[in-house]
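Enquirer: Those protein sequence lines, which keep their order, are chains R, X, W and Y.
So the number in my numbering is just where the residue sits in the first sequence, counting from 1, plus 703.
So the number in my numbering is just where the residue sits in the second sequence, counting from 1, plus 703.
So the number in my numbering is just where the residue sits in the third sequence, counting from 1, plus 158.
So the number in my numbering is just where the residue sits in the fourth sequence, counting from 1, plus 158.
FYI, nobody ran anything at the bench for these hints, they're computed from the structure.
Small disclaimer: the values here were computed from a predicted structure and weren't measured.
Wrong hints could be hidden among the right ones.
Computed list of lysine-lysine pairs in DSSO-like fashion (alpha-carbon distance at most 30 Å, straight line) [said to hold, decoys possible]:
id: 1; chain 1: Y; residue 1: Lys202; chain 2: R; residue 2: Lys952
id: 2; chain 1: W; residue 1: Lys202; chain 2: W; residue 2: Lys418
id: 3; chain 1: R; residue 1: Lys952; chain 2: R; residue 2: Lys966
id: 4; chain 1: Y; residue 1: Lys370; chain 2: X; residue 2: Lys937
id: 5; chain 1: X; residue 1: Lys952; chain 2: R; residue 2: Lys939
id: 6; chain 1: X; residue 1: Lys952; chain 2: X; residue 2: Lys937
id: 7; chain 1: R; residue 1: Lys939; chain 2: W; residue 2: Lys370
id: 8; chain 1: W; residue 1: Lys370; chain 2: R; residue 2: Lys937
id: 9; chain 1: R; residue 1: Lys937; chain 2: W; residue 2: Lys202
id: 10; chain 1: W; residue 1: Lys202; chain 2: X; residue 2: Lys952
id: 11; chain 1: X; residue 1: Lys939; chain 2: R; residue 2: Lys952
id: 12; chain 1: X; residue 1: Lys966; chain 2: X; residue 2: Lys952
id: 13; chain 1: X; residue 1: Lys937; chain 2: R; residue 2: Lys952
id: 14; chain 1: Y; residue 1: Lys418; chain 2: Y; residue 2: Lys438
id: 15; chain 1: X; residue 1: Lys937; chain 2: Y; residue 2: Lys202
Simulated DEER-style distance windows between Cβ atoms [what the hints assert, rightly or not]:
id: 16; chain 1: X; residue 1: Pro727; chain 2: Y; residue 2: Arg391; range: 51 to 59 Å
id: 17; chain 1: R; residue 1: Pro746; chain 2: Y; residue 2: Ala215; range: 29 to 37 Å
id: 18; chain 1: W; residue 1: Ser390; chain 2: Y; residue 2: Ala302; range: 44 to 52 Å
id: 19; chain 1: R; residue 1: Asn741; chain 2: W; residue 2: Glu452; range: 37 to 45 Å
If you want a taste of the chain X side facing chain W, the calculated C-beta under 7 Å gives, among others [stated by the list, open to error]:
id: 20; residue: Glu783
id: 21; residue: Gly954
id: 22; residue: Gly979
The C-beta atom is built at its ideal place from N, Cα and C for all residues, glycine as well.
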Amino acid sequence: MAQKVSVDISRRGGNNSNGAESCPGCKELLSPADLSGNAMTCPHCGHHFRMNARQRIELLADSGSWSEIAGNLRSADPLEFFDLRPYPDRIEEAEYDTGLSEAMLVGRARMNKMDVILVVMDFGFMGGSMGSVVGERFWRATEEAMETRFPLVVVCASGGARMQEGILSLLQMAKTSCAVELLAEVPVPFVSVLTNPTTGGVVASFATLADVIIAEPGALLCFSGPRVIEQTIKEKLPEDFGLAESNMKHGQIDIIVPRTELKDRLVQILGLLEGGVACALQPLWEEEKSPSRRGGAITQALNRIKAFANSSRRSPKR
Amino acid sequence: MAQKVSVDISRRGGNNSNGAESCPGCKELLSPADLSGNAMTCPHCGHHFRMNARQRIELLADSGSWSEIAGNLRSADPLEFFDLRPYPDRIEEAEYDTGLSEAMLVGRARMNKMDVILVVMDFGFMGGSMGSVVGERFWRATEEAMETRFPLVVVCASGGARMQEGILSLLQMAKTSCAVELLAEVPVPFVSVLTNPTTGGVVASFATLADVIIAEPGALLCFSGPRVIEQTIKEKLPEDFGLAESNMKHGQIDIIVPRTELKDRLVQILGLLEGGVACALQPLWEEEKSPSRRGGAITQALNRIKAFANSSRRSPKR
Amino acid sequence: MPTLPGVHLKDEITKISQRLKELGHGRHLDKAVWDKVELARHPKRPYTLDYIEHMFAGFIELRGDRFFGDDPAIVGGLAAYQGRTLMVIGHQKGRDLNSRTLRNFGMPRPEGYRKAQRLMELADKFGIPVLTLIDTPGAFPGIAAEERGQGGAIAKTLVCMARLNVPTVSVIIGEGGSGGALALALTDRVLMLENSVYSVISPEACAAILWKDSGEAHLAAQTLGMTSADLSRLEVVDEVLPEPRGGAHRDHSAAARILKDALEEQLRELETMNPRVRRKERFDKFRRMGVWKENGLTLF
Amino acid sequence: MPTLPGVHLKDEITKISQRLKELGHGRHLDKAVWDKVELARHPKRPYTLDYIEHMFAGFIELRGDRFFGDDPAIVGGLAAYQGRTLMVIGHQKGRDLNSRTLRNFGMPRPEGYRKAQRLMELADKFGIPVLTLIDTPGAFPGIAAEERGQGGAIAKTLVCMARLNVPTVSVIIGEGGSGGALALALTDRVLMLENSVYSVISPEACAAILWKDSGEAHLAAQTLGMTSADLSRLEVVDEVLPEPRGGAHRDHSAAARILKDALEEQLRELETMNPRVRRKERFDKFRRMGVWKENGLTLF
Ligand SMILES: [Zn+2]
Ligand SMILES: [Zn+2]
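Make a model of the complete structure from these sequences and hints.
Expert: Printed below as a string of structure tokens:
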């Protein structure tokens, strides 16, 4: 659920450019330039600081290649939800603080010249909580991926469901899971990147349904937040509870990739998955193999995929 | 593997008709009549004694309904295997002792008037070990089930692979698993009954691949035998190690059924699975539902299955 | 990148103060809402196994996930029902101290969801329709459950339900608590007993987080909109089933009869559909879930 | 029911004694057989990750079974190979004390087999051929491994491999120990390095059981027929790959080159086949495994 996770609050959009701060990993004093020049990781100990959606897009998308999809979707207030403040006010504040239209941005982008559908979440926007807009934007992302056959990359950061949309926020788990299934039936490669923190409904839907699950070092990844668990079992949690490294040990993720290598690794993994797609779509057994089939894997794979785009949908899985 | 399992040796075919014995469960003295009149279970504590293949067929098949399939298959000796004695001699001895042609019998039978393909194993025949004949007979059973669309019931009892056939005995695991997959692609219902003991290669192939896995109470079910594990971990095993009840707790089997109820439960389960098959095969959405469709589930289901027998193979699973 | 909307904090504060006054802090509590929360959690309310006992002539419980364990907080098995077979899967609470502990208060671990997946795939293989009964405070929040992949287990259950080729019906019979409930509710039809609740979060937890005061649970319940009437209005549930006078706990067998009749009607309709169409409509149904604005219009 | 063959014990005993004499207790030990067992277990023999390092330009290891853990005794991942992608999965032993413990001496737990299934299904989804490398004393015989369904995990891996629509090749690179090895070897083509062994049981355990004397391991090894030559004769392996002079441990990169060339040849052939035919031939291949008599004729 939103806000349940015990993490340091993302600083406001405007005022993170002044003053150095001490690294939680090694206590070294770091200037904003130290961090932003190193993909928001500590140059001394590698501690990964939180990254907002814009920084994430800068990190992953080739310069100038980002073009947003479904950016015109905005939250409604179907329950006229009012706790200590009305929901629309919270949204407006989040928009003001982050400069974003929602907790998830979707777009086309290129990564090392490879076309992808890129989805990034921002924990700073109401705790990265998933409401109707996040669910619908995710659906549009998968539609775009199915249309273009470009692989889908989703960078997750979420505290869970958007409580202010009540049951509708819960149902985004079902909605996004349906979207993943449709994507899988094509199939289009889908890689998720779990960043600190990814918890709640996002973990129990699309984040864990990817073909390959990448995590950033030290990221907190769990369904129930640490506080909820501590309250339930009346026990202090172990220090490494829910961390990426613990998830790896317990078989829940494929690979931990430091942020500084993330883009290259993503492209490598997508290229490998695409290589397979290309072979699968091409009816090898019906034609003479041409020598060109064996070289320049990724580019050729992409071309072949496009060529076969509308011709060979696989039948649904049982 | 054969003979590794620590269990009391099955008594020879001829001489189990004289003298009472003490029940390992409750120490009561039981006459052979006490046992055979109660499906070889103790009338006092319910302890399940081992049952041979003939007794098993008598228990499960309607009187006179058993008709054997592939009974003419016999073990060869491809390795000219000779340990302390030649393999053919061991086979001959097993034939003599059990009156059986191999450790597995396959046949058509009826259970409470329901047609089934019935497979029974006999631990008394070289420890119920799986060699080439067991593998091939199992394959024939699945072929017959696919041909007739009668469900497959397999009563397992095995110490593992038939070492005397070397690598060929190991490969029966692959062979029988392939057979199960072909059956599943039709699909034809397949229920296994795990009896004491079912271990080794049989556990790591068809026994655990059934749609529904039934176990008899107190049966030892494991892949590695208790002695091998004790030697490896240098520790005494817990008393309930590998028992049906422990397997149930650990999620490995569906249901434990006392032998006295086994036949009725099997028919009930098969009827329920068949009911589904009948619906799946009948294209309901294309025709007016007739009132008769809803009554007399099992018999009608069977008739419908036969009617659709050759018309509607499902496509293979991905 | 979207541009910043022209927002001025001072204006905002004025607006908020005004709305707070207008709404009187939203504290016009409707007692009927909390009554329903209490009915949904009533210790004598019929549970999954009670419905199974009353609704079906024969039932074979199938246990285990084939990986790690058998979770008693979710039960499932084959049931004989009006000349056909059903796969029935539901959360199960306990009624006395022992059975409550055994059933973990109806809070499943990953094993429960994996058992559910296994049984649904078995049903799909043999063309057996699936009925799920929903009644849980939520998935169990425990260390080991997390380590064994609670989130992934729920996610895969959702995909599994989306993928099924057979007709599927779910009924919220008590507490529909969060992701642990939704995991079993991605079905062609979602029904709800009159006095059940279904929510993204428990009202107590919601109050603690949003109102910073768990004593505001009644208010949270009302604001979240978790009753059958609320969910019917939001088109999240397809049908609300009336309960016996005073609530389902007053007459288990009457409640089961109501559920049985509703189920039969839904299945009759679903079974006449072309399976591909039925499956596609399921995806369409869940795709429509949510309310948002697009180019200024609010879309449902 | 079959009738009892006319067997007389006394005759049998005479026959046995005579054959025992004839065969001299089978004790004409061929030293070359045990040499191969020792080479197959040689501590410097290349392991799965050594082959991966030498054979592929890029490799991404993918870990975890998504249920319980990541088993370091089985490794797997995506590899770039001659302009295509391969899914490579293999048993992994350790070379020093620490890594041996970490890799559990190459003896997988159920998690390892479930990771293998997951990766194979991922490969199948994207049309990626599967290569498995086999080198294990056997599946780990432990209490917890049994409790988590060691047998079922192996069985489901076998079915998973049978079901794949992509080309599959396995290579026995060291010890092919029992069901734990076979689990990864249900492939279109089964290759075997010259000095590898593949057996239903370790010679030591076989000797202990059948000869009641584990000292007879050499004799058991010979009798079981576990060398590449034996298995080639029995048509269990499709191709035996020669090793660098003295054995694969003398030159890891030369061994990898041999494996790479053989793999390319096999894949070329498999990729030109219609996937449905290729899949059917896989079933036919394993259906033929075994030797039995039918109506008096011995059938292979
Ligand atoms: Zn640092
Ligand atoms: Zn007794």
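Enquirer: Next step is simple, just say for each hint if it's right about the structure.
Expert: The hints, checked one at a time:
| no. | hint | in the structure |
| --- | --- | --- |
| 1 | Y/Lys202 x R/Lys952 | holds, 28 Å |
| 2 | W/Lys202 x W/Lys418 | holds, 20 Å |
| 3 | R/Lys952 x R/Lys966 | holds, 24 Å |
| 4 | Y/Lys370 x X/Lys937 | holds, 20 Å |
| 5 | X/Lys952 x R/Lys939 | holds, 28 Å |
| 6 | X/Lys952 x X/Lys937 | holds, 25 Å |
| 7 | R/Lys939 x W/Lys370 | holds, 22 Å |
| 8 | W/Lys370 x R/Lys937 | holds, 20 Å |
| 9 | R/Lys937 x W/Lys202 | holds, 28 Å |
| 10 | W/Lys202 x X/Lys952 | holds, 28 Å |
| 11 | X/Lys939 x R/Lys952 | holds, 28 Å |
| 12 | X/Lys966 x X/Lys952 | holds, 24 Å |
| 13 | X/Lys937 x R/Lys952 | holds, 26 Å |
| 14 | Y/Lys418 x Y/Lys438 | holds, 26 Å |
| 15 | X/Lys937 x Y/Lys202 | holds, 28 Å |
| 16 | X/Pro727 x Y/Arg391: 51 to 59 Å | violated, 46 Å |
| 17 | R/Pro746 x Y/Ala215: 29 to 37 Å | holds, 30 Å |
| 18 | W/Ser390 x Y/Ala302: 44 to 52 Å | holds, 48 Å |
| 19 | R/Asn741 x W/Glu452: 37 to 45 Å | holds, 39 Å |
| 20 | Glu783 | violated, 40 Å |
| 21 | Gly954 | holds, 3 Å |
| 22 | Gly979 | holds, 3 Å |
Comparing the model with each numbered hint stated earlier shows that hints 16 and 20 do not hold.
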